[in-house]
Structure formats: C-alpha cells, structure tokens
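Residue numbers (numbering that gives the first Met the number 0), protein chains in the order written: chain A, 0 to 717; chain B, 0 to 717.
No lab work stands behind these hints: they were computed from the structure.
Be a bit skeptical, because a hint or two may be false.
Note that the list lumps identical chains together, so a pair holds whenever it fits in one copy or between two copies.
[Unchecked claim] Below are the DSSO-like pairs computed for lysine-lysine, each with C-alpha atoms no more than 30 Å apart in a straight line:
| hint | residue 1 | residue 2 |
| --- | --- | --- |
| 1 | LYS97 | LYS317 |
| 2 | LYS202 | LYS701 |
| 3 | LYS570 | LYS97 |
| 4 | LYS514 | LYS317 |
| 5 | LYS398 | LYS367 |
| 6 | LYS671 | LYS111 |
| 7 | LYS111 | LYS367 |
| 8 | LYS701 | LYS254 |
| 9 | LYS605 | LYS454 |
| 10 | LYS111 | LYS285 |
| 11 | LYS202 | LYS454 |
| 12 | LYS97 | LYS671 |
| 13 | LYS514 | LYS454 |
| 14 | LYS671 | LYS202 |
| 15 | LYS317 | LYS106 |
| 16 | LYS285 | LYS438 |
| 17 | LYS605 | LYS317 |
| 18 | LYS605 | LYS671 |
| 19 | LYS111 | LYS202 |
| 20 | LYS106 | LYS398 |
| 21 | LYS202 | LYS398 |
Number of protein chains: 2
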Amino acid sequence: MGVPTFLRGLIILFAAVLCAPAAYAEDGYDLWLRYRPVEAQAQARYQPLATALVAGTPSPTLDAAQAELTRGLAGLLGATPPVASAVREGAVVFGTPKSSAVVAGLKLPLEKAGPEGYLIRSVRIDGARATVIAANSDIGVLYGAFAYLRLIQTRQPIDALDIASAPKVALRMLNHWDNLDRTVERGYSGQSIWDWHKLPDWKDPRYTDYARANASLGINATTLNNVNANALSLTPMYLEKAAALADVFRPYGIKVYLTARFSAPIEIGGLKTADPLDPQVRAWWKAKADEIYRYIPDFGGFTVKANSEGQPGPQDYKRTHADGANMMAEVLAPHGGEVIWRAFVYSHEQPDDRAKQAYDEFVPLDGKFASNVIVQVKNGAIDFQPREPFHPLFGATPKTPLAMEFQITKEYLGFATHLAYLGTMYEETLTADTWRRGKGSTVAKVIDGSLFGQKRTGMVGVANIGTDRNWSGSDFDQANWYVFGRMAWDPYLSARDIADEWARQTFSNDAAFLKPTVDMMMGSREAVVDYMTPLGLHHLMARSHHYGPGPWVAGGERADWTSVYYHRADKGGIGFDRTPTGSGATRQYAPQVAAVFEDLKRIDEKDLLWFHHLPWDYRARSGRTLWDELVVRYTGGVADVTAMRNTWAGLTPYVDSERHAQVGAFLAIQEKEAQWWRDASIAYFQTFSERPLPAGYAPPPKPLSYYEALSFPEAPGI
Amino acid sequence: MGVPTFLRGLIILFAAVLCAPAAYAEDGYDLWLRYRPVEAQAQARYQPLATALVAGTPSPTLDAAQAELTRGLAGLLGATPPVASAVREGAVVFGTPKSSAVVAGLKLPLEKAGPEGYLIRSVRIDGARATVIAANSDIGVLYGAFAYLRLIQTRQPIDALDIASAPKVALRMLNHWDNLDRTVERGYSGQSIWDWHKLPDWKDPRYTDYARANASLGINATTLNNVNANALSLTPMYLEKAAALADVFRPYGIKVYLTARFSAPIEIGGLKTADPLDPQVRAWWKAKADEIYRYIPDFGGFTVKANSEGQPGPQDYKRTHADGANMMAEVLAPHGGEVIWRAFVYSHEQPDDRAKQAYDEFVPLDGKFASNVIVQVKNGAIDFQPREPFHPLFGATPKTPLAMEFQITKEYLGFATHLAYLGTMYEETLTADTWRRGKGSTVAKVIDGSLFGQKRTGMVGVANIGTDRNWSGSDFDQANWYVFGRMAWDPYLSARDIADEWARQTFSNDAAFLKPTVDMMMGSREAVVDYMTPLGLHHLMARSHHYGPGPWVAGGERADWTSVYYHRADKGGIGFDRTPTGSGATRQYAPQVAAVFEDLKRIDEKDLLWFHHLPWDYRARSGRTLWDELVVRYTGGVADVTAMRNTWAGLTPYVDSERHAQVGAFLAIQEKEAQWWRDASIAYFQTFSERPLPAGYAPPPKPLSYYEALSFPEAPGI
C-alpha cells in the first residue's frame, strides 16, 4: 500500500479507538454473518488469497453473491476487495460457465454441483493463484459464496480447496406461523417480521437480511403465514404484499409459499361449499391459482393444515386428504407449483391413542397423492415434545414423498430463555433407523428420497424468527435456525460439527471458548428433557400457552389435550402403554423397531414411558426404582443447567458484554424454571408414587397446591 | 497531538473507510442522543472547553449524568473526557452543593433552579475556565447534563453560558396504552417495549435507553399500562415486574404509575362490589396501595379511566367521579402518591353532543376532589382529532388542577407512515386563550397552574413508543415524543424552535437541511388536517382501527362512534351546529370565546364546521362556496404532501441513506393515502352537495362504492 508499517499500526490503532463503541455493538442482529476482523496471523494467511473479485455477466443473484463477498471480505480482512476484470494473483473468481468465461475455461466437473450446488477450488489461471466459486446456476454461486466466507469465518485453510457440495434435499423450507396481525403462534421473539400493513410500499431492509441469512444456509422456500390459516392471505390485497416479499427474496433463491385455508372458497369466494370434488370449488381454486401466479410467477405452492385442531378440510365433506391435496395439486401443476400437505391430523373424536392417528390416516392413502404433493410429517407422532421417538410414518409410505417438519421455535422447550440446542434432537430423528428396507433405513434416507428413490424431497422448520433485534429471541436460539438450515442441506451432517461451526461464526474461534460452549450446546437439550419430561414422559406442560409444568392438567375440551392422558400416572405406576397390551402403537413401526420398543430389556430408557406403563418400583438399569430414577433425572436436569450457568460465567473473556449478559440472564431464568419444573413434577407424581425422595434429594419447597395455583394468563406465543 | 497534519488526515480517512458501514449505521435507535462527531471547526471551538469532567460524591443519578457526559462528549468531540479530581482549564464541573465542594464553593443562585431545574454557567475557578452544571438535586444535574450536551449537539456557543432552567409543570408523564400481552392499543411501532414475560429477571438494556431519552427531555413519570386496564397488573407477579422497571428508571428521575382498573376489588380481590363507598372495597384498596409501596417505595400513583367506553367506574354504583378518585387518593396519600383521573368520559346513553359531556360531568365536581387528585383532560372535547378547539374544561375548574393529555401516537393522523409534526398542534392548544381570567388566560397557564395558583400540575402524552428499532415507527415520529417532552418542561416553548432543535440533533446542523426540513415539519400537520378533515370537520375515519377515510360510517353500537354523527352532511349542508341553535356546546366556553365561535364573521375557518352547520353555497372567506372550499382544501392537503416528498428528495446530501430511504418510502405512502382520503371524502360528500368540482379539480378516479368497499380488518393498533 505504500504506507510504512509503523503508520499502518497507528492507523489501525486510531481506527479502533474511533469506531470501537459503535462498530462492534453486538446485539445479535448480524447472526452468523458477522464478518468481524480475523486475527492478525489469519489475516496474513487469508489476505494474499483474496485480493480481488472477478465477476462475470451480472444477474440479481450474482450481484447478491458479489455484494456478500465484498461485505464479508471487507469485514473479515479489513479492506474492500477490488473488482477486477482479469484474474490476478489471489483473485476470487465466481460465476457459472454461462456468466463467466473464466469459469467456463476451467472445465470444472460441475456435474457434482447439480442444479443448486457449487464447487470451490484453488486453481492456477495463467500462473496466478486463484480461488474459483463455480456452479451450474446463479443460486449455486451464491451458496458457494456463503460457503467460502464460512471457511474464513471458521478459520479453515483456503489455499488448497477442492470442495463440491450439493443439497441432498430439494425443498428446504421455513414455515412461519405468522398471523396477519403480526402475532406469531408459538413465537417468542417479538412480532412477525412481515409488516403487512406497510407492504407492498415499504420493503423493510430486514427482509433482505432475512433472505441473506437463509441463503447462507441454503434455505430455498418460505411459507409466510400460519398453518392455522386466514383466507384473507389469498385476497388480492395480500397477494400484492406477498409478491413484494417474493421480489425481495427472488435473488436469494427463496420461493414464497402460502398456507391455503381449505374453506377459502366459502370465506372469500362466496361459495356454499369447499367440497374438493365440487366443480365450482375446483374452478374457484383454479382461478385463484392462476391469479396468484400473475402476482408471483414463481410461486412455490400451498402449505395446508386440514382437518386438524379445528381447521377445515376435505373430511368435512367425507372426502380424503388425498382428494383435498390432489384438487389443489391439479390447479398448481400447470404453473409448476406443489402442495405441502401436513400429516399432523387427529380426529375430533377421542382416539384410543393420538400418536397412532396420522399413520392410520395416511398409510392407506399411500399411492393416492398426485405427483406434486408432498406430505409434511412432524418428527414425532405427538407434537414437538422435548423428546419423541421418530414418527412411524417415516418409511411407511414408499409411494408418497414425506417432508420432515421440525419445530425450530421452542414451544415445548422453554421458549426463548432456555438454552436448548436442537441439533441433537434433529440428529436423533434423522439417524433413527426405520428398518423399512432393512438395517440402515434411516429417517434421513426417507427425507432425502434415497430409500424409495423419491425425487420430491423436503425438510421444513417452523421458524423462530421475529422482530426481536437478535431475530430469534436469544443468541443461542439462532443456532437452531442455523442447524435446521444446515441439516436441510445435508441431513447427514453432525450436530456437533454444526454447533462448532455456528459458535465460531457467532462468537469466537478461540479453542478455550469453543470446547466448553459446544459441549454445553450438545448437552443442553438433554437437560431440558430431564427437567421437563425424563424417561419418555411427554406433554406435561401447562395448558394452552405451554409455559411451565402442568402434569396435573386434566379435563377440558378433549382428553388428548391434557397431561393425564399422556402420563397415565396412578398408584400402580406411570407411562403410556403403547405396546400391544395397550394402544399397540408400536406395531406402526417395522417389526425390528417394534420389537425393541416393546422389549423392556432392549428399549432405550429415553423412550421408556413413551411406550410402557410401569410400576413405581420397576428397576431402571441404574438399579434404582423407577420413582427414584425419575427424581434423579429431574434433579440432574436442574444440575445440568447450573453447570451451564457456571460454564457461561467463565467465558467472559471471549464474548462481548452485551451478549454475554443476556445469555447469562437467560440461563438464570432457565435455572429457576428448571427447578420449578422439577419441583412441581415431583410434588405431583409423588401423590401417586407415595414414596419418599431418595436420600440426599431435596423435597419440593412448596406443596403441590402452590404449583397448581400458579397462573400465567399472558404468557406469550398464543 | 504530535501527529503531523497530513498523517491526521490519512488516519481520519482510513478510520472512515474502516468503520464507516458499521459505526455510522443509522437505524434511528439513538433518537436525538446521537452524539455524532462535530465538524472540525466546531471541534476546535468546543474541545478546549470540555477537557475533563469534575464530579463530586457519586449517586446513581450523578453516575448517570457522568456516564451521559462521557458518552456525549466522547461521541461529539472524538475523545473520552478524563475524570479529574480538581478543576483544570476547560473542565466541566457537575453536581449539587451537597455532592460537590466545587459547586458549593461557587455560591450559585440555585434558587432559580428549583427542585428539579439546573444552572449551566461558564465560570472561572482559580483562574481556570470551567463550565458548571449545578442543581439543587441530583436529577437537576442530570437534566442539566442533557441540556449541556444539547448545546453542543445544536452547535450553540458554550463559552459564555448563563442558563437557568426549571420545569414549569410538575408531572411530565407518558401514558403507555400497553397491554400485558405486549400489544399496544393505538400503537404503530411494534410491540410494547415492556417484555413482561421476562421481567423481573431480564432487564432489557432498552429500558435504560428509554429512561435516558425521557430524562433528556425532563419526563419524570410513566404509566406503564393501558388505561383500558387489566386488574392483573396489580397482582404480586406484575408488581414485581413493575418494580424491576422502577429500579431501572429511578436514577433517571422517572416514577412509575399504574392504571387501576376500578373493578379490581372484584376481579382480583374476590369482593362482590367495587363501590367506592363500601368499607370492604376501601380496605381492599388500602391494602393494595400498601402492598404496591412495598414493591415500589416511590410509586407515583394510579392513572384511572373510569366510566368511559365500557370501563367500570364509580357511576356503576351511583357514585360520582369524585367519590371514586377520592377513595383512591385516600389510600395513596400516606405514601405521597396521587390519582390521575381521566376526564375522557361519556355516558352509555346517546348524548345530544358528546363534546359537552366531560364538561357537564366535571365542572359540578370542582372543589370536590381530594388534594392529591389531578384530572387529566384531552386537548379537545372529542378525541385527539387532527384538529380540535381546546377543551372547554380548561379554565373552567379553578379549584381542580387539570393535566393536559396529548396523544403522541398518531391514531388519527395517519399512523406511523404519515409525517405529521404535532408540535404545532400542541402549541395551538397551549396558546389558546380561555379568557377565564380575562385576556391572556391561556391553556398553558391552566396547565402550569399559574392561572389559578395551583401547585399540582401535569402534562401527559400517550406514548408512540414500541419495539421498532427506531422506537416510534418512523424517524419523524420521534419528533413528537421530543416536542411533547420539551413542552411538558416548558409549555411556552415554540413548536418551531423545538423542531429546529430536534432536527439538528437527529439529522444535521446544516442550514441547507434545516430550513426546508423545519418548514416541512411546521406545515405537516396542517396538511393532514386538510386531506382528512378540513374546515373543522372531525371523526371521519374508518371504524375501529381508524385507518383511512370512513365519512360514510353509520349505525352500529352508538351514534357518537359514527362519522355521520359528526359531519351531519345532508342536501342542505354540512357541519355540527354547536351554537345555541344546535347543541349549545359553545356556551361551555367563556363568553368572549363563545362569542367568537358563534360568530361566522369572527370564527377562524379552521373551526368552522366544528361549530356550525352551513349550506353548501355558504361563502368562505376565499369567496368560494363551502363545497368548492372543501374540495380546494382536500386537494391542497394532497399537494402539500407531494411538496413534502419533493423537499425530502432534495435532502439526500444531508441524511444517511438508510433513514432517507425510509422517510421517502413513508412519504410516498402518505401521498397515496392522502389522495385516497381526498378522493373518498369528495366522492362521499358530493352525494350531498350534488355540485360539480371546481374547474381544474380532478374528480375521484373511482366511484364512491369502491372506497366504501375497501376493508382492512388487520390494520394495526387495535
């Protein structure tokens, strides 16, 4: 640069002094795309390899890639990389063979990248070292640009790169349970980021940052509105608003989907019926689809919750889910759209076991769905509990593609204040073996289509995104958005690797920070399981808002919305017998799986009370009685949180004070609430077990009546 | 500094390049406390006069003052001022005679400062030039610190200061119409900033910034929750949360008040009645007050909306407002608390003129209220319309102190997207002459207590604050918070001066920016009046959410919630006859005022149709018929907004791109909606006037039926 070394030091010093307070304000808004300056040594390593950007013919998506590379390298390496027209030493070339003559000239094996993937390679071009980010499509280039920046953010070497990556799942989607009034069902991070009232005229810059964050993970689809749908979303006024969002998202490869309320033909169409076989209804949906595509030419399709929890659906007219889905599929097909039909259904009548209903409903329909329908199945058969065995539908529909539905927002895992990294939960489900085509028939292979050779594949996450400055309600909840996106790209990635990758980008690459932090994240969800619902217990939270313990919840509208329905505690014991002596739900799994679940000697104790009703003096593998084991687990969950608090308290040197303080405050809340869960649950179950606590375990400090009387009518998220 | 000039330039250049994007990100969060570096010339002028801070004995409030001076001077002058133990050349000394020996030694005429005010003086101490910020109380010092920083932010000289300032109004309060579920009634800037669910454990740093912003204006009280009250706010769980907020606010001189739901003794007390004369009810309130003061020792008191719009109140038990207010006053009095009793009441029965009811209700009660009751009166007799004549209660209760209630949030002035500076509206009310003690008996003199020698005085603003990053929904809406606070401190300040002061701090001191911007602000509210409700029309907006025009609104629950009740248009003419030939509301004013309002020759045409029903061919002072004049005004309002857009478009050199873009986008929305208001209103009123538009005035582009059919069920704020 021609600036003497001593001056450069001086300049950096002055710059740091001048801009430190504002420049490094850490409020979480930047997510994992922080691009803070690398350490001096890393700077010396990276800088010569990122001296300039070489672009080709621009496009909106390639412009986004260039902007991100510019922003990222400027932040990480301290200087904005110039855009060069020719390759020079250290250049970063990006593009497709079509957009870039340099890329075309390299004759790269781009078949590895597929339609959406990328290659990143260290190459020599006319003697100059260069890095090329290449793809078959512009969006592949953008994904590659983010992957390249991630290498530097996580301090990987970039001098001998030979990376090929392509998504293993076609549809990588967020579901926003966002209402038109900006409330978010099960949202704990502020309002909906969609400011419907000001759309389409005001396009909040946050929409672009949302698209950037998703594209950085490969998320390529978003359902904007709540599955408990409002037909107004399909009226012209709201289609115009959705189209404005689609315009913002398009360069980032994100397609817009909308939920379709099944009764919309009645509510906004003026018809008397929504019967999917009624010609007028079919005509209405066809006209509606055509209208939507006039607003959004690349509209993705409909996400539909029908005949579930009071939502209207085809069964209202004695039609099947296939009848309903296929009607919509037919009107979307000419436009290339698809239907995502949720399998989270259970009848209005009281079932013998709610866990069995989706399977019973959908397996008989296997083969009956149109080719552009995908059925969206929650990871477990009940409802996003801290732990559930994998859903028996996975692997049970060889002719019907299934999309995984994970919940990113922590409806049942402590809202935004509990630190619970969900990567381990997602991993547990994805690596579970359905045995449907023999050993190794994992859920991941169902989801990526490889088990049955299905091309239409999908993974869906119920978003935890809101208007909170840090997007997700807490800094660590950003990791759940992140791990969802990364696993949707590749369901075989490990939860630990992703936690490490996320923590490096979000906080620090310092090993002294990473090890305890990643360990803490990896154990965090198990802690929640233990202090809320150990040993396979489930659905024990307070009614409606689900905040805090409510194992005593009984009565009301329907039995399967109570806790007593699920834990079935009595003087004799506790747990839901789902073996053939009970509901027989185990038989919805492959025989090899059922045999394990049914066998008390072989079942993993994490699922024990999910499948078995056992006496209080049943011997756990620890040698303790079931009652004692429950108390030990509950108590251990609280101790785990205390340990997390201590761990975090020791990490002050590595984390800015602003984020450190909030995480610390939230861990304190978590510890308090973990104790509350433990105490209330033990106080309640003790009325059945009628046993003392094991020696050394403190009894609940208050009587059960105290915990039962607690009331939180204004808890968020409903 | 020893650094050669060419190097300093280089350093500044590099620093600017390095930290420009992040350091100067302007998202509005900093409000008017931006403290951006002053120009080089100003730096040379100010720096020698602010070389160090000299503090005395610390206290939480003096610590806040020191922190603010440090932050402000570091930002403005580029270097953190050292804290010195002794006065040196250029020192800034701050404190009270009690906390600071230096201040005590100066023997300043601190009687001018009163209990909350301050002196700022340029002095010499032992030969050294110094600036002293002195007060009788710590909070006065904090106010003085903000005032001192404002001088630099607005580029005033600080070398020969002799400033004394004391608030003219005792209670300077915000009312948050915030619900416990974080919705905000009539809020257009996101959720409530009170995150009740995470309180008291998580004290969001934003609460401190809220307190800083308010203290910078002298606001010293806040009612946390909605006047449409929820009794839960008074339960221990919520008192603990409110106490946590009070703890944050205390150093900034802000007292917490809560709304008290009149029926709370029934709802949370288990009583069968809330009759204010019932001994059990009185005992319940006494115990509740005692309990509250255990949580919040300096609790301010209750804000009460009773017997208004469905809220419970003493009239439910055939008691008077005085009975209700005095019961609460009695239980608060031992603790030094007060009751703010709202006069915004109107009966369930259909009145002859809603505008008359508050006067009719409260004037007979004058003298009947306890000494710690203040009656809170909206600026006008209807409800925060774009323009209302001053409320007839002002000046009509010599024995009852009245607090002014202004609405800062723009329920009726276009929500957050319309630029409407309310300083002119507040000024118009405050300078209005009640004539109750002869000429010059202005509303301001009622409010500051000088007209009747009242000591208990207050000004209350319904806050426009929410979780939006910029707090108020738009950058220019911050000015309305600002001007409210400044006028609460001194109701005689001019709206123009405050606009100038605000614009300097918020955007730029450049004269080329200030003149057009302040002009634009000063004309902005009149533009809204013209495109919504010209010539004294009022209450013509859509039902319930109040978004957009609804002059056709009729029927429903009660006549005085419709538009036709207020405009009374028919073939014969338009307007509400409030002279003695009509409702006679004019007679609620002093005779000199009534005489003007009743006389078509003397009345200001801005109030014409508020007081008179006039034929369509009535001759306005312009010489035009009333119909033509209406069309001209409506159209002119739209043209004013177009001019505002053009003005703003020309100010790009002076405003960061982020804020410039949002203001520009909002002005585009405002222009569109102004046109909609104009077109819909003209289309509607033309059905009565049956007259053509004046030559050159475009007819509405759509038929009336189009405007009437528009529906916005999800409009915000309800």
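Status of each hint after checking the structure:
| no. | hint | verdict |
| --- | --- | --- |
| 1 | LYS97 <-> LYS317 | neither (52 Å within a copy, 83 Å between copies) |
| 2 | LYS202 <-> LYS701 | between (52 Å within a copy, 27 Å between copies) |
| 3 | LYS570 <-> LYS97 | neither (72 Å within a copy, 70 Å between copies) |
| 4 | LYS514 <-> LYS317 | neither (56 Å within a copy, 70 Å between copies) |
| 5 | LYS398 <-> LYS367 | within (8 Å within a copy, 81 Å between copies) |
| 6 | LYS671 <-> LYS111 | neither (50 Å within a copy, 51 Å between copies) |
| 7 | LYS111 <-> LYS367 | neither (34 Å within a copy, 86 Å between copies) |
| 8 | LYS701 <-> LYS254 | neither (52 Å within a copy, 35 Å between copies) |
| 9 | LYS605 <-> LYS454 | neither (34 Å within a copy, 69 Å between copies) |
| 10 | LYS111 <-> LYS285 | neither (38 Å within a copy, 77 Å between copies) |
| 11 | LYS202 <-> LYS454 | neither (35 Å within a copy, 50 Å between copies) |
| 12 | LYS97 <-> LYS671 | neither (58 Å within a copy, 43 Å between copies) |
| 13 | LYS514 <-> LYS454 | neither (39 Å within a copy, 64 Å between copies) |
| 14 | LYS671 <-> LYS202 | between (41 Å within a copy, 16 Å between copies) |
| 15 | LYS317 <-> LYS106 | neither (58 Å within a copy, 91 Å between copies) |
| 16 | LYS285 <-> LYS438 | neither (44 Å within a copy, 72 Å between copies) |
| 17 | LYS605 <-> LYS317 | neither (40 Å within a copy, 64 Å between copies) |
| 18 | LYS605 <-> LYS671 | within (24 Å within a copy, 60 Å between copies) |
| 19 | LYS111 <-> LYS202 | neither (37 Å within a copy, 51 Å between copies) |
| 20 | LYS106 <-> LYS398 | neither (39 Å within a copy, 92 Å between copies) |
| 21 | LYS202 <-> LYS398 | neither (42 Å within a copy, 53 Å between copies) |
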